[in-house]
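Protein chains in written order, with our numbering: chain E, 3 to 273; chain H, 2 to 258.
Hints were generated in silico from the structure; no laboratory data involved.
Warning: the hint list may mix true and false statements.
[Said to hold, decoys possible] DSBU-like cross-link-like pairs, simulated, lysine-lysine; straight-line CA separation at most 30 Å:
#1 LYS194/H / LYS249/E
#2 LYS6/H / LYS213/E
#3 LYS250/E / LYS191/E
#4 LYS172/H / LYS191/E
[Unchecked claim] Facing chain E, according to a computed beta carbon distance under 7 Å, are these residues of chain H, among others:
#5 LEU3
#6 ILE5
#7 LEU8
#8 ARG11
#9 HIS12
#10 TYR15
Because the structure is a prediction, the values reported are computed rather than measured.
Glycine residues also receive a C-beta, built at the ideal position from the N, C-alpha and C atoms.
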Amino acid sequence: MKSSLFKDSRDVFLDIVDTKDYIELDRMSSIYESLLDSITKPLKMILLYGKPGTGKSMFLSKLHLALSQKQTSLLYSTPILDESEFFKSIARDLYKISYNGELNFTQFIKVVKSQNIDEKLVPIILLDEAQLYSTALMENIRLLSDTRKVKFIIALHKTEKEDIIAKEHFQTRIWESIQLENSSKAELKIYIQKKLLKANCFDTANIFTQKSVNLIHKLTDGNYRDTNKLLYTTFEIYLYYAKNEPKKIHKTRVLDKIIEMAAIHTGLIDA
Amino acid sequence: MLNIKDLEQRHMKYKIKSYIPYFIIIFILGTLSIIAFNIFTTKVKIQKQPIIQKEIIKIKKVAIDTNITKKEPRKIQKKQEKQKVIIKKIILKPSLDFMRRVNTPVDAYSNEKKINKKKMREKEIIQEVIVEPVIPKKEKYIEETQEIKSIKIKRNKNKEDISEVIKRFKKNDNPALSLFIAKKYYQAGNYHKSYNYALITNQINRNIESSWIIFAKSLMKLNKKKMAIDTLKKYINDSNSNRAKILLDEIQSGKFK
């Protein structure tokens, strides 16, 4: 196998959120469909939660791409922690109104309420990493959603703290909560192979046997982010061996040793 | 850029670490199995030892019972519980308790001689043995002895037996041994040798009655009746031995066989 193939394979697993890299998995597809269905309902907020690396950001990006084709949709991948800046950003992006000075919640809610919006095409704001927002801002977001002039889809990590936030601010108003989980072994194999096949890395896609995938699953617990990191490093090592010590790599299957070396490098194995 | 060599070394350490628990488990299991094996083997040894002791006791028991049978079979039969034990093929073993026999009186010896002759002729002897009443301490062993219907006692040949004693006699000149040898040769019908060893015994110790008796008997068997009578008379004069007198009477009356 050529070293360029390992380079391409390595780059497939770069940890970036790009909707082009979204991999359709059965479970994710069904969740995606149910989310789309929830959006059409007269719900104020939708909570999307899960452990880090379960694909929430990718999911939001995918959703944003789909929604923006038929209605107004805003995606804030990075939290805007300043309250005034947060309202000003929404006013600018949603209503095309720019404010030079401070914009407080009272002023902003008046703007929101003054909008005439079709109930079926309520603008949707997608907030990633919502666990970073302050409690006060989360309370304001809730009040904004109560106007029914804007709808929020909030993605946050499922930790103890985030559970409290979810309980305190959204328990009575949510409406829909969807949990994203790590992949199963079978899903992980499909994920890896589909990702490689999408980049035309057919040879490297075939070297991942179920045994190799089981080892990867054991190391990453099926977490997509960890899997990406692990496989990126794995192909980095492959690239080195292909250039310097080609005898050390196997053409038909990925060696456990190389996966373990990658796991040591990425910190998945404490050695 | 990855430092692959460093990664390989770290991976090697990781693999060694990951195998350590297995090595420990194997080591522990191996140690436990060795300990278990040792315990098992020692138990087996302990179990085997009493069996050997029991067998020895059984043989001794039979020997004691035989003596009782010879002495007072009828009285004991009436008094004690009767149990028949058939002993097939009694081939007497090299018993080094010959010292006990040496000390037995000539009468007992002559009776024994007759019995032994019979034993020599017959390969299989069926004997009735009366077992003593159960002694509390040896209860278990006696019960086991009763269960055994036949006991085989192997015995070396007389020649081997005597030669061993002759060797010992040459080392220490013990008159008890020379007397034993004389008796054995007499039993075996080798009267020249029995004469010689009785003579040697008399030279070592002139006061052993049995030795003089054997000496006289050997002379009789060697057709030296006059010499036998003279010898007995001299001995009677010196010792006033009743057994010598009885033998002299038997010889003179022609009852000696």
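Hints versus structure:
no.: 1; hint: LYS194/H / LYS249/E; result: 95 Å, violated
no.: 2; hint: LYS6/H / LYS213/E; result: 26 Å, holds
no.: 3; hint: LYS250/E / LYS191/E; result: 24 Å, holds
no.: 4; hint: LYS172/H / LYS191/E; result: 95 Å, violated
no.: 5; hint: LEU3; result: 6 Å, holds
no.: 6; hint: ILE5; result: 5 Å, holds
no.: 7; hint: LEU8; result: 5 Å, holds
no.: 8; hint: ARG11; result: 5 Å, holds
no.: 9; hint: HIS12; result: 5 Å, holds
no.: 10; hint: TYR15; result: 4 Å, holds
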